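Trainee: Just remember that my numbering sits 42 ahead of the position in the sequence shown, which is counted from 1.
What the hints contain is simulated information worked out from the structure, not anything from laboratory work. Quantities reported herein were computed from a predicted structural model and do not represent experimental measurements. Where is the CB? At the ideal position from N, CA and C, for every residue including glycine. There's no promise every hint is true.
What the hints assert, rightly or not - Label-pair ranges, simulated between beta-carbon atoms:
no., residue 1, residue 2, range
1, Y272, T316, 34 to 40 angstroms
2, L140, A361, 52 to 58 angstroms
3, L330, V393, 38 to 44 angstroms
4, A331, A274, 19 to 25 angstroms
5, D389, H275, 40 to 46 angstroms
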Amino acid sequence: MTGSRRKRPGDSFDTIEPPGDVELVAAVLTVTGLVEFLGVLSGSEVWLLGLLVFLPGAASALGTVRQTTFVAVWTTFVVTASVLLRDRDSGHWFDRLLLILFTLALASTSVYGCHRRIRREHAMLRLRSTAAAMQRHILHPLPLLTDDVLVNGVYEPLQEDRLVGGDIYDVVDSPFGTRVLIGDVQGKGLAAVGAAFAVIGAFREAAHREPTLTALVDVLDAAVVRHNSYAAHTGDDERFVTALIVCVDVETEVQAVNCGHVLPHVLYDGRVSTPDLEPGVPLGLAELAHEPTTVGWFEFPEGATLLLSTDGLTETRSADGAFYPVDERLSEYIGISPTELPQALHDDARVFADRGGPHDDVAVLTVRRSRHL
Numbered sequence: 043m044t045g046s047r048r049k050r051p052g053d054s055f056d057t058i059e060p061p062g063d064v065e066l067v068a069a070v071l072t073v074t075g076l077v078e079f080l081g082v083l084s085g086s087e088v089w090l091l092g093l094l095v096f097l098p099g100a101a102s103a104l105g106t107v108r109q110t111t112f113v114a115v116w117t118t119f120v121v122t123a124s125v126l127l128r129d130r131d132s133g134h135w136f137d138r139l140l141l142i143l144f145t146l147a148l149a150s151t152s153v154y155g156c157h158r159r160i161r162r163e164h165a166m167l168r169l170r171s172t173a174a175a176m177q178r179h180i181l182h183p184l185p186l187l188t189d190d191v192l193v194n195g196v197y198e199p200l201q202e203d204r205l206v207g208g209d210i211y212d213v214v215d216s217p218f219g220t221r222v223l224i225g226d227v228q229g230k231g232l233a234a235v236g237a238a239f240a241v242i243g244a245f246r247e248a249a250h251r252e253p254t255l256t257a258l259v260d261v262l263d264a265a266v267v268r269h270n271s272y273a274a275h276t277g278d279d280e281r282f283v284t285a286l287i288v289c290v291d292v293e294t295e296v297q298a299v300n301c302g303h304v305l306p307h308v309l310y311d312g313r314v315s316t317p318d319l320e321p322g323v324p325l326g327l328a329e330l331a332h333e334p335t336t337v338g339w340f341e342f343p344e345g346a347t348l349l350l351s352t353d354g355l356t357e358t359r360s361a362d363g364a365f366y367p368v369d370e371r372l373s374e375y376i377g378i379s380p381t382e383l384p385q386a387l388h389d390d391a392r393v394f395a396d397r398g399g400p401h402d403d404v405a406v407l408t409v410r411r412s413r414h415l
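Please model the complete structure; the sequences and the hints are all you need to start from.
Mentor: As structure tokens, then:
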């Protein structure tokens, strides 16, 4: 089964694809012939050879070390042979010597620069490979299937080369039903990523242990508080995390706790509805709450699609400052497959923002009862 996740870790780092050997040789011979032809026409054959010294530099930026070495040797040979064989009786021998030395220096520098570039690219590839392996353990690749639900979606950090953004999600098949988490860490940067890791780790452990969603939320809040305590000692900013936790079991109604997060949507029988969940305080701020955590219930019948998102979707803005109309767009996309819906909404939001892309991390999930598939 194929999910609709937009990108996988490592996709955003593109190494330079070197040209083929035949392509390279053809290009070098063409440039050499062109320089020679222009030299004959202008009567300044030797001096136009100076144009060839830039060939190794171009090769070092695009080709392999072997290809760059070939271009460097070829350029040095052509320039040296031309200088020594043409107009040997004329003066300016010192200038000609300087041209040969300059060609040798630039050729050597190009080979060295290409070697450094290739080594740096390999190091980055290893780093991205490690990051990809880490992210598969931090944010499980979509789709995710349990006995109760199938979860599809799109996840895209604002900074594509980041391991994981401030938006988080997870799905746990617990003894109490399938528990789905979607959240958004306040702020950006590594400190925000650290808070995201703290919540995900606590959720995976406590979702199996805590029988109620209120107890589960208390554990997640405590995890953020502990993270903030550590951050304060290291000089980092403290964070809070908005979150929505949903529990789906065999009953037609599902439980949910809203910790200051974007409300979910239910698509069913050609209609879009928004469950009325009591808003709570974000994780990490429970001590400021005047009321205890409240569990809400709403209908999630067979054949319905539950849409969960972060404010990276709802707060996408157009050029004139208007917010992306999620409810209106959902009404237009209500007939689309739940597998394709997250990507369709994400792409539509990018067009709405005049192709400027999202202004924040984006996570959009669809949840379907697996028994109805």
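Trainee: It remains to establish, for every hint, whether it holds in the given structure.
Mentor: How the hints compare with the structure:
One distance hint, 34 to 40 angstroms for the beta-carbon pair Y272 and T316, holds here, with the actual separation near 37 angstroms. Hint check: L140 to A361, Cβ distance near 56 angstroms, so the stated range 52 to 58 angstroms holds. Taking 38 to 44 angstroms as the suggested C-beta distance range, the pair L330 and V393 conforms, at roughly 39 angstroms. Look at A331 against A274: about 21 angstroms separates their beta carbons, and that is inside 19 to 25 angstroms.
Between D389 and H275 the C-beta distance comes to about 43 angstroms, which sits within the given range of 40 to 46 angstroms.
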